[in-house]
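Student: Here is what each chain is made of, one letter per residue.
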Amino acid sequence: MHITQGTFSYLPDLTDDEIRKQIQYALDNGWPCSVEFTDDPHPRNVYWEMWGLPMFDLEDAAGVLAEVNACRKAKPEHYIRLNAYDASYGKQTTALSFIVQRPSEEPGFRLDRQEWHDRTIRYTLHPYVADQPHGERYNGHK
Amino acid sequence: MTPPDRLPGSKIPASRMNFGMSRPGGNSAGPESPEEAEKKETLAPDAKIDLAKERAETGIDDVFSALDSELVGLAPVKNRIREIAALLLVDRARAQFGLSTSRPSLHMCFTGSPGTGKTTVAMRMADLLYRLGYLRRGHLVSATRDDLVGQYVGHTAPKTKEVLKRAMGGVLFIDEAYYLYREDNERDYGQETIEILLQVMENQREDLVVILAGYKDRMDSFFVSNPGMSSRIAHHIDFPDYTLDELDDIGKLMIRAEGYQFSPEAEKTFREYLDRRMKQPRFANARSVRNAIERARLRHASRLMGAEQTVGKDELTTLLPEDFRGSRVFANSDSSADSDDPLASDDSLAD
Ligand SMILES: Nc1ncnc2c1ncn2[C@@H]1O[C@H](COP(=O)(O)OP(=O)(O)OP(=O)(O)O)[C@@H](O)[C@H]1O
Ligand SMILES: [Mg+2]
Chain A
1 MHITQGTFSY LPDLTDDEIR KQIQYALDNG WPCSVEFTDD PHPRNVYWEM
51 WGLPMFDLED AAGVLAEVNA CRKAKPEHYI RLNAYDASYG KQTTALSFIV
101 QRPSEEPGFR LDRQEWHDRT IRYTLHPYVA DQPHGERYNG HK
Chain B
1 MTPPDRLPGS KIPASRMNFG MSRPGGNSAG PESPEEAEKK ETLAPDAKID
51 LAKERAETGI DDVFSALDSE LVGLAPVKNR IREIAALLLV DRARAQFGLS
101 TSRPSLHMCF TGSPGTGKTT VAMRMADLLY RLGYLRRGHL VSATRDDLVG
151 QYVGHTAPKT KEVLKRAMGG VLFIDEAYYL YREDNERDYG QETIEILLQV
201 MENQREDLVV ILAGYKDRMD SFFVSNPGMS SRIAHHIDFP DYTLDELDDI
251 GKLMIRAEGY QFSPEAEKTF REYLDRRMKQ PRFANARSVR NAIERARLRH
301 ASRLMGAEQT VGKDELTTLL PEDFRGSRVF ANSDSSADSD DPLASDDSLA
351 D
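Quick mapping for you: the protein sequence lines, in order, are chains A and B. Using our numbering, the first residue of the first sequence is number 1, and each one after it goes up by one. Using our numbering, the first residue of the second sequence is number 1, and each one after it goes up by one.
One thing to keep in mind: the hints can contain errors.
As the list claims (entries may be wrong) - DSSO-like, lysine-lysine: derived pairs with alpha carbons at most 30 Å apart:
1. B:Lys279 / B:Lys252
2. B:Lys159 / B:Lys216
3. B:Lys78 / B:Lys53
4. A:Lys21 / A:Lys73
5. B:Lys161 / B:Lys216
6. B:Lys159 / A:Lys91
7. A:Lys21 / B:Lys159
8. B:Lys279 / B:Lys216
9. A:Lys91 / B:Lys78
10. B:Lys279 / B:Lys268
11. A:Lys73 / B:Lys161
12. A:Lys21 / B:Lys161
13. B:Lys313 / B:Lys78
14. B:Lys279 / B:Lys78
15. B:Lys216 / B:Lys252
16. B:Lys78 / B:Lys48
17. A:Lys73 / B:Lys268
18. B:Lys268 / B:Lys252
Unchecked claim - If you want the ones that stay clear, here's a sample from chain A, every Cβ over 12 Å from chain B, calculated:
19. Gln24
20. Gly63
21. Ser88
Just so you know, these hints were derived from the structure itself, not from any lab. A virtual CB, placed ideally from N, CA and C, is assigned to each residue, including glycine.
Could you build the full structure based on these sequences and the hints that come with them?
Tutor: The structure is reproduced here in C-alpha cells:
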C-alpha cells in the first residue's frame with residue numbers, strides 16, 4: 001500500500017529535480033532542512049530517526065541533496081523524509097515535510113478487531129512489517 | 001505487490017504512483033527540467049551570436065566597473081579575471097551551437113602578501129561566476145584550518161563536509177590553506193580534509209569553486225607536498241605588493257568613501273607616512289592604509305573635541321597633517337611628532 005503523508009501527500013512522488021527545487025524553495029525562505037528515516041510506517045509514528053542534525057546556513061540545495069542521497073545509500077529500503085523548519089515563529093515549526101524515498105515493496109496494513117465490553121469492537125491498523133524486528137523489515141534491510 | 005487501480009480517496013491513478021520516485025542507484029542524473037531542455041535548443045550552423053550583447057545581458061560589466069573603481073592597481077589580476085570571463089562567455093556561445101564543451105575547472109589559488117586584496121577579489125569573483133551562470137548562488141564561504149579540521153578521530157570529515165555543504169553553489173575560500181598540511185606529522189587530521197577537498201574539487205565542479213589563498217612561498221611548498229591539489233587548480237593568480245603611488249591612491253579612495261578629505265599639506269604628509277610605513281615591519285599593504293586612516297580619524301575626532309570651537313562641515317571632513325604626524329611611524333626621526341599623543345605611544349599598534 002502506497003503510504004502518503006506530509007506536504008505533497010496528494011501528489012505523485014517527486015522526482016529528484018522536483019525535490020531539489022523544493023529544497024531550494026525552503027532555503028530561499030531561510031528554512032533549515034533535515035533528513036529523517038524510519039522503517040515503522042505507521043501514520044501515527046511521528047518520531048522518525050534523524051539522519052544527522054538539521055542543516056543550518058546553507059545557500060544551495062546541493063548540500064541537502066547530498067545528505068538525502070547519503071541516507072538513501074545507507075538505508076535503501078527505509079522511508080526517508082525531508083523536513084524544513086521555519087524558526088520565524090519563535091518555536092520549532094515544520095514548514096515543509098515530504099517523503100523522498102520509500103521501500104521497494106510496501107505490504108500495507110492489517111485491520112485488527114478487538115472484542116470489547118458490551119459487544120463493542122475496537123479497530124486498529126497494524127503494519128505487516130511491524131511483525132519483524134527493527135532492521136529486518138522490508139527485505140531484511142538494515 | 002500490485003497497487004489497487006486507485007487508492008481510496010485519491011484522484012491519482014495508481015499507475016502514476018511510482019512515477020519519478022527515485023530508487024537508490026537509479027535516476028541519479030535526473031531528467032532535465034523543461035526549461036533547461038528548451039534553453040539548449042541548438043542554433044543553425046550559419047547563425048551568428050552577438051557576443052557583446054550576450055556579455056551585456058549577463059551584467060558582468062557591473063562587476064568589472066566595480067573592480068576598476070574600487071580596486072586600485074592589480075592589473076595582472078584584473079586581466080586574468082577578464083580572460084576567465086571571456087572563456088565562459090565563449091563557452092556559452094559554443095553551447096548554443098551544440099558544440100560540446102567540458103565545464104572548465106575554475107579552482108584557483110590566490111597568492112600574495114597580507115592586505116593585497118585577495119579576499120576582496122574572491123568575493124568579486126564569486127559574483128562574476130554567478131552572473132556568468134557558472135555558479136548557482138554566488139556567495140562566498142570563508143574558512144581556515146580551524147573550521148575544517150577536527151580535534152579527534154572521526155571529527156574532521158563531518159566538519160569539512162559541513163563547510164562544503166554551506167559553500168555549495170558558491171565559492172569556498174580557504175585562507176592560509178597551507179596550514180591544512182603539517183609536514184612534521186603525517187597523521188595530522190588536516191590530511192583528511194585535503195583528501196575530501198580533492199574529491200569534491202574533482203567530482204563536484206558544478207557545485208562549487210574552491211579558492212585557496214596565502215603567502216606565495218608557503219603556498220608553493222604546500223603544492224610540492226600535495227601534488228594532487230596543485231593539479232586540480234587551474235588558475236594561480238599572484239597579487240603583487242602595491243607601489244607607493246598605488247597605496248596613495250588606495251588611501252584617497254578610502255577616505256573619499258568614508259566622507260573625508262585631505263588638506264593639501266595632509267596629502268603630502270600621508271604620502272610620507274606611507275613611504276615610511278612600507279619600510280617597517282608588519283606592513284600589510286592596503287590593510288595598513290585602512291588602519292592608518294582609522295587612526296587618523298581617531299586623532300581628528302580628539303582634536304576637534306579638544307579645540308572647544310564650533311565646527312562646520314569643512315572641519316568635520318578635513319584631515320590635517322597632525323592627524324598623521326601623531327603616528328608612531330613618525331616617531332624618533334621627526335621633531336613634530338607629538339609624544340603626548342596617547343595613540344603614538346601604544347606599542348601594540350604598528351600603524
Ligand atoms: N587594490 C585595492 N584598492 C582599494 N582597496 C583595497 C585594494 N586592495 C585591498 N584593499 C582593501 O584593503 C583591505 C584588505 O584587503 P583584503 O582583506 O582583500 O586583503 P587580503 O589579501 O585578503 O589580506 P590577508 O592575506 O591578510 O587576508 C580591504 O579593506 C580592501 O577593501
Ligand atoms: Mg584575506
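Student: Compare the structure with each hint and give your call.
Tutor: Status of each hint after checking the structure:
{"no.": "1", "hint": "B:Lys279 / B:Lys252", "in the structure": "holds (20 Å)"}
{"no.": "2", "hint": "B:Lys159 / B:Lys216", "in the structure": "holds (27 Å)"}
{"no.": "3", "hint": "B:Lys78 / B:Lys53", "in the structure": "holds (21 Å)"}
{"no.": "4", "hint": "A:Lys21 / A:Lys73", "in the structure": "holds (21 Å)"}
{"no.": "5", "hint": "B:Lys161 / B:Lys216", "in the structure": "holds (27 Å)"}
{"no.": "6", "hint": "B:Lys159 / A:Lys91", "in the structure": "holds (27 Å)"}
{"no.": "7", "hint": "A:Lys21 / B:Lys159", "in the structure": "holds (26 Å)"}
{"no.": "8", "hint": "B:Lys279 / B:Lys216", "in the structure": "holds (20 Å)"}
{"no.": "9", "hint": "A:Lys91 / B:Lys78", "in the structure": "violated (48 Å)"}
{"no.": "10", "hint": "B:Lys279 / B:Lys268", "in the structure": "holds (17 Å)"}
{"no.": "11", "hint": "A:Lys73 / B:Lys161", "in the structure": "holds (17 Å)"}
{"no.": "12", "hint": "A:Lys21 / B:Lys161", "in the structure": "holds (22 Å)"}
{"no.": "13", "hint": "B:Lys313 / B:Lys78", "in the structure": "violated (37 Å)"}
{"no.": "14", "hint": "B:Lys279 / B:Lys78", "in the structure": "holds (27 Å)"}
{"no.": "15", "hint": "B:Lys216 / B:Lys252", "in the structure": "holds (28 Å)"}
{"no.": "16", "hint": "B:Lys78 / B:Lys48", "in the structure": "holds (29 Å)"}
{"no.": "17", "hint": "A:Lys73 / B:Lys268", "in the structure": "violated (67 Å)"}
{"no.": "18", "hint": "B:Lys268 / B:Lys252", "in the structure": "holds (12 Å)"}
{"no.": "19", "hint": "Gln24", "in the structure": "violated (9 Å)"}
{"no.": "20", "hint": "Gly63", "in the structure": "violated (3 Å)"}
{"no.": "21", "hint": "Ser88", "in the structure": "holds (21 Å)"}
The structure shown violates the earlier hints numbered 9, 13, 17, 19 and 20.
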